[in-house]
Each structure stands twice: as structure tokens, then as C-alpha cells.
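K.L.:
One letter stands for each residue in the lines below.
6 protein chains.
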Amino acid sequence: MRADGREPEQLRPIHIETDYLKHPEGSVLITVGDTKVICTASIDERVPPFMRGQGKGWITAEYSMLPRATEQRNIREAAKGKITGRTMEIQRLIGRALRAVVDLEALGERTVWLDCDVIQADGGTRTASITGAFIAMAQAMDKLYSNKKLPQYPVNDFLAATSVGILDNKHAAVDLNYIEDSSAQVDMNVVMTGNGEFVELQGTGEEATFSYTQLQELLSAAQGGISKLFEHQKAALGEKITTSINNKREKLEGKA
Amino acid sequence: MRADGREPEQLRPIHIETDYLKHPEGSVLITVGDTKVICTASIDERVPPFMRGQGKGWITAEYSMLPRATEQRNIREAAKGKITGRTMEIQRLIGRALRAVVDLEALGERTVWLDCDVIQADGGTRTASITGAFIAMAQAMDKLYSNKKLPQYPVNDFLAATSVGILDNKHAAVDLNYIEDSSAQVDMNVVMTGNGEFVELQGTGEEATFSYTQLQELLSAAQGGISKLFEHQKAALGEKITTSINNKREKLEGKA
Amino acid sequence: MRADGREPEQLRPIHIETDYLKHPEGSVLITVGDTKVICTASIDERVPPFMRGQGKGWITAEYSMLPRATEQRNIREAAKGKITGRTMEIQRLIGRALRAVVDLEALGERTVWLDCDVIQADGGTRTASITGAFIAMAQAMDKLYSNKKLPQYPVNDFLAATSVGILDNKHAAVDLNYIEDSSAQVDMNVVMTGNGEFVELQGTGEEATFSYTQLQELLSAAQGGISKLFEHQKAALGEKITTSINNKREKLEGKA
Amino acid sequence: MRADGREPEQLRPIHIETDYLKHPEGSVLITVGDTKVICTASIDERVPPFMRGQGKGWITAEYSMLPRATEQRNIREAAKGKITGRTMEIQRLIGRALRAVVDLEALGERTVWLDCDVIQADGGTRTASITGAFIAMAQAMDKLYSNKKLPQYPVNDFLAATSVGILDNKHAAVDLNYIEDSSAQVDMNVVMTGNGEFVELQGTGEEATFSYTQLQELLSAAQGGISKLFEHQKAALGEKITTSINNKREKLEGKA
Amino acid sequence: MRADGREPEQLRPIHIETDYLKHPEGSVLITVGDTKVICTASIDERVPPFMRGQGKGWITAEYSMLPRATEQRNIREAAKGKITGRTMEIQRLIGRALRAVVDLEALGERTVWLDCDVIQADGGTRTASITGAFIAMAQAMDKLYSNKKLPQYPVNDFLAATSVGILDNKHAAVDLNYIEDSSAQVDMNVVMTGNGEFVELQGTGEEATFSYTQLQELLSAAQGGISKLFEHQKAALGEKITTSINNKREKLEGKA
Amino acid sequence: MRADGREPEQLRPIHIETDYLKHPEGSVLITVGDTKVICTASIDERVPPFMRGQGKGWITAEYSMLPRATEQRNIREAAKGKITGRTMEIQRLIGRALRAVVDLEALGERTVWLDCDVIQADGGTRTASITGAFIAMAQAMDKLYSNKKLPQYPVNDFLAATSVGILDNKHAAVDLNYIEDSSAQVDMNVVMTGNGEFVELQGTGEEATFSYTQLQELLSAAQGGISKLFEHQKAALGEKITTSINNKREKLEGKA
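Residue numbers (numbering that gives the first Met the number 0), protein chains in the order written: chain A, 0 to 255; chain B, 0 to 255; chain C, 0 to 255; chain D, 0 to 255; chain E, 0 to 255; chain F, 0 to 255.
Bear in mind the hints are in silico, worked out from the structure with no lab data behind them.
Incorrect hints may have been included.
Identical copies go unnamed one by one, so any copy, or any two together, can satisfy a pair.
Said to hold, decoys possible - Calculated lysine-lysine pairs in the BS3-like style (CA-CA distance at most 30 Å, straight line):
1. K239 with K250
2. K227 with K21
3. K254 with K169
4. K233 with K21
5. K250 with K142
6. K250 with K169
7. K55 with K79
8. K169 with K142
9. K239 with K21
10. K55 with K169
11. K254 with K227
12. K147 with K21
13. K227 with K147
14. K233 with K55
15. K169 with K247
16. K247 with K227
17. K247 with K142
Okay, chain A solo, but in the shape it has when bound (with noise of 0.2 Å):
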């Protein structure tokens, strides 16, 4: 049993609030445990310079945390003049992550932005970002859609993720806390999408290492914390939706 009373395969409580925010396409505020994150997705009529003319979307992201979302107020990045390290393979993880499940050429010419503030943070920060934006991305896509502006909807799947690490003794859990991150050996994030398939792994032992075996226990157990995070997933995001979404990834098994 984990400090916070956890079973080692069991997710922290989830809850999910559509329509958060008034003027973005998409907003949500995701709570996993006490990580909170508000994700917005805003459609923007351009492509970036490198995407132009090929009649294709583009998915990016963005991710910051307030000063205070954590136990030591950080610094700003704004006032230090630059993003951090992290900040940088975080956002470029959760855009990456996104496209994975978007079919850009239906998407047209168009760039959705998926913002990520984490107003509270305990660990998972980046993996409730992803799995937060994917449902203000799909309702942005609904926006788009229902208004007649793509000839199909757009996202191929869903997508979620989690964090899943090796405790202290040297066996697997997932979806872990900040206390829990900071002591744990091996530390791996596991991007998923509906069908079963990986599209991120990242897995790092700071300071140490671990072993094929230990690989298999860490990806079981992702895999079943994500298939739990689908669910509240498509609660959030109603039926209508859902049901676009698993129309679209039959029609692409369809044709593979």
C-alpha cells in the first residue's frame, strides 16, 4: 500500500470541468488529485511559416505553472526572459503527443494552440496536461465541425496519459504524487491512445536503472490507468463527441 493509502494499480481522484473558461474554442480544468490544470484550446485561421501551402494543420502547445502552484514560489519565466529546460520538453511533449491523434489534412490550414496552466501541482503535471487538453481539443474540433468549417471530424482517437514509476520497493505504480516522484528510482510517462498503442514513452532513471523485467511491470501498469483515464474522458466529453471520435478511428482500421 502506497503512503496515500493507494493500491499500487490505482489512479488518484479525477475531475473534469467542461466549459471552464468564456472566450477559448475548448477549456477545461482537470484535477488529479491536488494537480490541477487548466487546459484551453484556441483556433488560430494560419498555419506557422513551415506548415504553409501544404494544406495541413498544425497542433502546438504551451505549458507554464503560476508561482505559487507549487510548495516554494518559483520564478517567473516571463521575468527571467526565457523558458526553462523542462518547460520546453513539456510542451513540446504535449504537442507531439496531440498530433499523434489528429488527422492535420482534415484540419485544413489551421493551428489549434493547447495551452496548459497549472494552477496546483503534486506530481503528474505534464500527464493531466495531455489527457486535460485532449478534451478541450476535441470540443475545439466539435466547434469547428459543427459550424460546417471541416468536411470530417478531425480527431482520430483518443489519447491520454499517465505517469508510472518504480517505489521504493522496486515494484510498479502508477499515477504518481509529488512525494512519491521525488523518491521514486525510475520514472517513466506513458502516452496511449484508445486502441491500445503507444505514442510517447519516456522513461528515465535518475541515478539509476532498471531492468527488462521492470519495463514490463511499469507499461502493465500504465496501460491499465489509462484505460480508466478514457473513461472519464468520454464522460467529459458526452456522447456526441465520443461517438465522432470512434467513428473516425473505425474508418481509419477500416482502411489500414
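Put chains B, C, D, E and F on the given structure of chain A with help from the hints.
P.N.:
For chains B, C, D, E and F alone, coordinates are given in the frame of chain A:
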């Protein structure tokens, strides 16, 4: 009557949620109409270099907006690598205003960081930030005082702010929303203390001017609005802290 | 009586040298007591991107100090690689103030750059900058108008600024020098037009507050000082430009 | 068979030139196919502020490319004034990977700087950097150890890295060159230790996904390639340092 | 004869106004033709970190231009957020040149900051800066010496600079104005000491070259011009400081 | 005799490896004693904005050092976020020097980027960069010319550079290594063309001066050294390119 049905001297609906976040010493989600700001107060047991060795504390503020707090997505200042002039002006104003009601000697060599993060903007974000930051700060001060870290409660008086402006009909109105603010000929931010004194007065005619009579009308509207904000602050802070502030003010007035 | 022997309502000696530099379309060395500012006006035959295609002009200002304008040498902002909040506030104020008396339609799609470089500082640098920049701008406008580049002279009225403050004796005084400014409890910058209207009012109590009665005293002192500044401006600009401005104002007042 | 005639499990030709530069404590020119990286190790007799007083050392890495290491000339990051997200990710990866095989207590309060400068790029620059930096570091550590500055040799095990990917034929291949890397559906970087454990696993489907079966194929290909890299490292380091590392690992395994 | 009627070896009119500003320890407005530079010297009772503990002083310079010192308005370096290569070259040159005539041991652990701010530019701004900065520095040194803060006067000799160039007629001319400078095939800046030695020689053919014979012609023209500059410096500094410098030089020559 | 046994007029051993890298249009590894620089030439089929529409080409240079090119590790300029004054001076010098021997009209609207990356430093890195960059540029130009992209070969003459200095014995020596350079009283960089003309002369006395006689001695030493560098350049470039350059020079001399 105004576009949203309000009387000239009527504030928008106000909601204040205290203890909004887990980590900060004080935290508030303040809602003024559709403007929402998370204000936190963080205690740092050091003062900046220019204040060291004087036995006095310091109050400083930072202000930011989520990229999609607004109708159009804004580029993050961290991504630009620098803070805009508007942000600098606002955070200097917030810090200066709050310092006017704090007994910095009583605070001792500590810094209180006030972070105001606008998550949704509809006009009046800087005045909502001041009104909300005051509450977060008063709570953080109470925590220090209750923990016997301070010889006396260091907040001298209540402090709140609102905007007033000259609308198209040439008359003053209080608490402008974004649309009113954009079309107002004159825009003035007023910060006042519980005993009716001014702390800041910033009146600006963007490509326009205003007469002494109009100034009097503006100040009277501001005074009325701010007196209602004090009632909200007292309700949010509760009886204990309200009494601490009132006692401190009375002691000061006795001295003067 | 004040430390330098002045009456409360007395300005410091003022000297204005026009056509101070060879290259700019308008240039002035303005001296207010020991404060000396070089103000230049430069015409740029383009407007910034956000103004294009509107048929209107733009006025923008930059402000800087020589490193040794002050008692202690200041680090150059170019060496720091960024502009301080104080500088940003001042240059935004100067630009906004000047725009209030310019008919931007009459100016056409042009930008007037106002550069205010303080070569010696003894308090009141921002208000001396506004007062001096007005003269440089009026001259540059006259050059455009005389060269038949403008359909009408585009300056609507005179504009000047001064500081006022509450000194130790609790009473208002005008045109504070550096020592007075440092010890003043309340500091207010006032920008007014030739017809007695306000353009900007920025009153600040640094760790202090002020009453409505004190505000009235401050505004009255400001009004007296600014009316004398207008006389200096008229003398410096000469009869031809003074008449152009007066005619333009009268035409506007006729319309209103 | 692959475009350049290699088998799926075949590495490109590898050449390692040690003591490549005169000044650094360790230096290597590593050539993997047409990818060439200069790796140097520099000893700094201090640790960064966050590590002071813990009696432990630190390993940190920096990565860069010459502007013309690539087909198209790249703008220098020094000219841009900031480091790209890609560079940050890579240098964080290199540092983290190397730290996993160093006994930081045995190193004492010292920093080892690993500089990886790509002079010619043809895919796999980050994995060649890790493989080469390990050699430079092991040599620098040997210099410290031989000079009696360390109580014991601080490198716990060999460490090397390669890339693997899913090519168009849906099967895994090792050590992708630039053309293969650009067209691969899935790209994975694997860092392993001499005793067969994982240190880092970063698998990414850019606009694609991968199954559990494909993951197993990728890992098996990586393992085969990395075991050959260890032979190159041993040959380059020579018998003395190879023995030091083997002894250190055996001692650790004895303890565990 | 030259475009402005000067002989090849003739300087433009020179005017030097000492004690130009109130705050600095030394200050000068130097006018060379239409080039005007404010040079100030500021004493800082510390040396930069790399000089600490050596018992020696340091001389450093900064150079800048007002935006409208030139025909076309220049963007401020503070607004760009970085200093251009041209400015860096010039300020390094000024500092290096001035250090060549200062006895840094006699100065003690102090820094002299030389600020050269060009308020009007018409060619030769860097050489006018050196010639003017020397005067400001000599005065600041005299202030230190007169206040008994220095064991001896630390300026070893006079120092002045001018530009020379090869004009269209293939012959050398001294003290080029902006138009001459723009069309000169070769441009050379020469810094010399009172006893006729060189301190700096920077000759450049922009898309052109020059022969040994032309070099001799250039140096002879420079020598003639600089000897006249020394007379202006002596007149500006007055007899007392001139004698201090002469005495110091004679003492050095006696030693050598 | 010098510390490393050389005569005053003797260069260090020189080695030039052409076609050093795979991607650039021209590339060289030049070794002068222990100084090693990779010089590459890259053709860009555009010119910078200020050159557009003139029918002329442009030559520009960038210079950098690997962090461990030196005895002590240097901080990367990319990590600092800005380029030092020294680097700017050097890259401006390299570009200017190379432009002096290129017929920019014959080059057409193209830019040649010269990248000089010092991988090992032992004095004279800027002069080795010029000498090596000339070779890389001449090869890249030959590639353009052979591909019929140019009407004529655009390099007007050979160009090489060396340093000279006044050593402790008060006499001139050529090609200073790092130790000589550090202790030299006067340091001069000389860039010359194949027909014996000067392109750049930068002589500097750091806290010292030099006489006209010493200048003559320095120039004579430089001339001797540079004439030997031309032989190395001709051997490296081969007969075809050497003939192209000689023909171009003779044609120019015929015209003159």
C-alpha cells in the same frame, strides 16, 4: 442605463473564494462580472538587497494573464522573452498600492509576494487584482501573526480599487467592463483605503481630455463603488481578521 | 518657504533652447532648474503595423537618461539588455499625453517619434520631457505643414505638465526638485491642455495616503504652474506656430 | 535490406579518436557513419549552488552543432540569443544518462562538464554524443584517480546509446541515418549500461503510434547494437580504464 | 581642397566645454565640426571582479548615440535589447586607449567609468570621444588627487585621436566628416600620446586596399592633426592639470 | 630566439586539410602550431535586406570557439544568450577582410557565409580564421563558377593574415602563440593581399605604446610571414583555382 442593464453607480456581481489553492499562505479567486483573477500571497523570509538591514519588510507584486484569458489569444510574455510595458505598469501599481496600508516595520525583514494571475478578462483586471490581493495578503499576514512571528498585526487599513470612466453620454460610470472600457473617453483607476483616503489616482484621456467637473463626478462614483468592495472584503476575511485591521487603524488614528 | 527659497506655487527657472540639434525635424533643450532634457521630434513616413490603412497618424515616445544624469551613475538599459518598468511607464505616459492634443487624421499615415533624453536630472524629468517634447513636436508639425504635406496644422492645443506633491508640512507645492520629491508623502504628475482640461492625472502615495481636500490643493497648485509653462512654450515656439495652434483650437471649440 | 545496404541490426562504421584535443581532461572525436562529434570532458573543482555542501559531485552536459554540420546552414544559437527546445532536451538527456553510471559521492564536490559539439550530422547525433561523452568522461575520471584526487574510480559501468526506429516496411532497424530517421514512423533512443539495464528510453511516434510487439522488436534491436558499442568503447579506453570500470561494477553487484 | 573648403591636413573647428554637467566627477561637451559628444568620468570605489585584490585600478568606457544624432533616426540599443557590434568595438577601443596613459597602480582599487554619448554625429565620433574622454578623466583624477585620495597624479601623458582616410583623389586627409568618411576608400583611426607614440592604429579598406606609401601619408596627416588636439586639451584642462601630466611623464621618462 | 625555439620572423608549422566536411560548399581544417580552426563557406542564394536589388553579393562571417578550445573552459555564448564584444569584433574583421578581395558584382545577389569555429586555441585564432576562410571561400566560389552560375571567377587576389608583436626584448616577432601574445606589449594583426597591399592593420598597445620605428619593424615581420602563408594557400587550393585568382588579379591590374 448601461449596455448590461446596470445603473451608472452599480458594480458588477462580485464573488470571492478564499483558500483557493493548497500551497500559498493566502489565496483567493476573485470574480468581478466575467473578470476572474487568482491572487496569492507568498511569504519569503528575506527582503530584496536594497532593503537589507533596515529592519523593514517589503511587498511586491507580479501580474500576468493566461494566453486565453482574452477574446483573442495573447502571446505569453515568457515566450516573447520580455514583459510588456502594460504588465510592468500594473504590477508596479499593485505593489505600491498594497504597501500603502502595511506597517513595514511591524512586518520585519520579510517579503510578501503577491501574484495576480488573470484567468478570464472582461475589463478591470488591475483593480480586481488589487482588491483580491489585499485579501490574500491579509490572510497571509494573519497566518504569520497567529504563529507569533509578528509583534502586531501589520495591516493598517482596508484597501480596494475600482475603475471609473466617462462613457459616450459624457457621464461617469463605475466598474467598466471590457466593451465600456474600450469606448470610454476617459478611464480612471482609483485605489482607496477604508478610512476614505486616496492611495492612487490614475486618470487618462486616450486622445481626449476631461474637465474638473467630470473629475469630481468620477471620484464620487469611485468612492461609492469602493465602499461596497470593502463589505465584500470583510465578509471574505471574516470577523477575526476584520477586527485585527480595524484595531490597527484605530491605534494609528489615535496616534495621529 | 521651501529649501531652495521658492514659494509653494513657484516653478524653478525655465530655459528653452529650440533648434538645438542639426538633424531632427524638431529639437529642444529644456532646462527646469537643474533638470535638463534634450527632446527631439522625428517624422517617419510610415505608421506601426497595427495602425496601417486607417488613414491616421501615430505619436510615440522614448525616454532615457544618460548614465551620469544622476548623483550616482546608473547602468545603461542597453547594457542590461532590457528597459526598466519606470522607463516604460514614462515613455507610455509621454506618448499618450501628446496624442491627446494631436489630430491624428490630419497628420495622415505618419509617425512622430519623440525622444526625450535626460542629460541632467534633478526631479521632474517626466514632466519636463512632456513640456519640451510638445515644443519639438509642434515645430516638426510646422515643418510638415509649411512643406504642404498636411491639409491643416494638426496640433489641437497647447500641452504641458508639472509635478505637485504634499511636502512635510502637509501642504501642496509645485515643481518638486529631487530632494523634495524623495521626501514628499504624495507625488502627483498633472498634464493639462491650453484650455484648462486634464489629460493625465497620476497621483501616488508611496507608503502614504491623501484626502480629497489635499487633492484639491494639489490640482490648484498644478494648474497655476502649468499656466506659466504655456507662456514659456509660446515664447519658444514664436508667433506663427502659436497662432496655428490657437486657430486649430478655436476651430475645434466652434465645432463642439 | 536498407538504402545504404545495411542489415536491420547492423550499425554504421564506427571510429573513435581519443585525446583529440590538447586542453581538455578527456576528449574524443567519435565518428558513426557520417556523423562526427567532438566530445570533451572538463573538470571543474566546484559544484553548482544547488549541490553545495552535500559532499557529492555533478555531471552536466552541453550540446551544439556547427552551423554547417547539416545539409542546410543553421543559424547559431548564440546569434539567436537563445537555445532551442531541441538542444535543451538533448543536453538534459546526455547529462542525466551519464549521471546514472557515476558514483557522485566518490567524485566529491566537483563538476564534470561534457561538451558535445557536432561537426558533421547524419542522424543519431544525440546517441553518438552519449557514447562519445562516456569515453571522454572515463578518461577525465582516470586522470583524477591517477592523480590521487579520488578515493576510488567513480564510474560504475559502461554506458552507450543508439537509435532504433520502425521503417517503412513496419520493421525495426538500428542506428538510423538522417534519411531513415526523417521517414521513420517511430523513433526511439535507448541508453543502456554494460550490465544490460536501461537508463533512458525515449520512444516517439511523430503523427504515428506503435504496438507492444513493435516495442519489443525495437528494444531487441537496440540491445544488439549497444552491445557492439561497448566493444568499441573498451578498445578506445584501453585495458587499464576498462578494468577500473569492471572492478567498480563488480564491487557494486557484490553489495546489491 | 575638400568639399567643406578645408586643406587635407586641416582639422574642423573644435570647441571644448568643461564642467558641462553637475553630477559627474569630470564632464565635457566636445564639438568637432558638427560632431558633438558629452563625455563624463565617474569614479567608482570598486574594481570589477577580475581585478580584485591586485591593488590596481581599472578604466572602462561606454559609448552610445542619441537616436536622432544622425540624419536618419536610429533604433535605441536598449529597445533592441542588445548592443551592436559597432558599439562594442568602439567602447572597447575607448577603454583600451585611455588605459594606455593611466598608471593603474597609482589609481588604486577604483574604476573610472567613461561615458561618451554622441548627441550629434557628423563623422569621427569615436575619435572625438577619446579626445573628450581624456579631458573628463584628467579632471576626475585631479579631483581624487586634490582630495588626497591618491599618492600621485595617475595620468602618464596626454592622449588624443583623430581619423584619417584616403579620399577619391587617392590622397590622405585628416578628420573626415560623415560624407568624406562614407566615400573614403580607406579609413584609419589613430590614437597617440603626447610624446608621439602610437597607442592604437586601426586601418581598414572596406572593399579596397592601401599601399605602404599611402600608410605613411596617413600616419603623417594623423600626427599633424593630433598635435593640434593636444593644444586644445591643454587649454581646456588649464595649467594646473597640464603641469601634473607633464610632471608625471617626465618622471616616467627619467625612469626609462 | 623565442621560447619555442623559433626565429623572430618564423611562422609556426602550418597544415591545411581541404574538403574537411561533407555538407559545406567549401571547408578547411587549418592548423597553425596548436591553433586549429574549422572554416566553412556556405552559399546562400539571397542577400541580406540592406543589399537587395543592387545586383551585388555579400560576404559575412561568424566566429566561435568550442568551450574547451582553451586552457580553461569558456561559457558558451549561446548559454549566456549574447555574443561578447571580442567575438563581434573578430567576425566583423573576418567579413570585412574577405570582402576586400571579392568582386561582389561578379558574385551576383548571393551571400557567402564564412563560419570559423576554433576547436583548439593557442594564439592567432583570428588570423588563422582569415587565412583558412579564404581557402574555403575560394573553393566555394570555384564550385559556383564551375557550375556556370557566375560569369567570371569573383576572387580578385589572395588574402592572408598573421599577428605580429613587440616581445619583452623590445623587438618584433611574427605569429605569436598564446604565451607570447599574453606578454607582448604591442599586438598587431595584419591582413594583406597577394599583391602586397594592406587590407587591415590593427595595432594595439594594451597599457603600452609603440614608436614609428617599431611599427616599421612590425610591418616588415608581418609581410614576411604572410608571403609564406600565400604559398600554403596555393598548395591547398591547387593549380586550377590559383590560376583563376591570378588571372582575375592580372585583369584588374590591366584595368587600373
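K.L.:
Next, verify each hint and record whether it holds.
P.N.:
Here's how the hints hold up against the structure:
For the identical chains of this complex, K239 and K250 are intra-copy neighbours only, at 17 Å inside a copy versus 61 Å across copies, given an alpha-carbon limit of 30 Å. For the identical chains of this complex, K227 and K21 are neighbours both inside a copy (29 Å) and across copies (26 Å), given an alpha-carbon limit of 30 Å. For the identical chains of this complex, K254 and K169 are inter-copy neighbours only, at 16 Å across copies versus 43 Å inside a copy, given an alpha-carbon limit of 30 Å. For the homomeric pair K233 and K21, the shortest alpha-carbon distances inside one copy (22 Å) and between copies (29 Å) are both at most 30 Å.
For the homomeric pair K250 and K142, the shortest alpha-carbon distance inside one copy (21 Å) is at most 30 Å, but the shortest distance between copies (52 Å) is not. Taking the shortest Cα distances, K250 and K169 sit within 30 Å of each other only across copies (21 Å), while inside one copy they are farther apart (42 Å). In this homomeric assembly, K55 and K79 come within 30 Å of each other (Cα to Cα) only across copies, at 26 Å, whereas the closest approach inside a single copy is 35 Å. Taking the shortest Cα distances, K169 and K142 never come within 30 Å of each other, neither inside one copy (46 Å) nor across copies (36 Å).
When the C-alpha separation of K239 and K21 is checked against a cutoff of 30 Å, the pair qualifies only within one copy, where the shortest distance is 21 Å, while the shortest distance between copies is 36 Å. With identical chains, the CA atoms of K55 and K169 are at most 30 Å apart between copies only, with a shortest distance of 24 Å across copies and 46 Å within one. Only within a single protomer do K254 and K227 lie at most 30 Å apart by alpha-carbon distance; the minimum there is 28 Å, versus 40 Å between protomers. With identical chains, the CA atoms of K147 and K21 are at most 30 Å apart within one copy only, with a shortest distance of 22 Å there and 43 Å across copies.
Within a single copy, K227 and K147 get their C-alpha atoms no closer than 32 Å, and across copies no closer than 47 Å, so neither meets the 30 Å cut-off. In this assembly of identical chains, K233 and K55 lie within 30 Å of each other by CA distance solely inside one copy; the values are 27 Å within and 48 Å between copies. With identical chains, the CA atoms of K169 and K247 are at most 30 Å apart between copies only, with a shortest distance of 23 Å across copies and 41 Å within one. In the homo-oligomer, the alpha carbons of K247 and K227 lie at most 30 Å apart inside one protomer (21 Å), although the nearest pairing across protomers, at 44 Å, exceeds that limit.
Within a single copy, K247 and K142 get their C-alpha atoms as close as 16 Å, which meets the 30 Å cut-off; across copies the closest is 52 Å, which misses it.
The structure is inconsistent with the numbered hints 8 and 13, although it conforms to all the rest.
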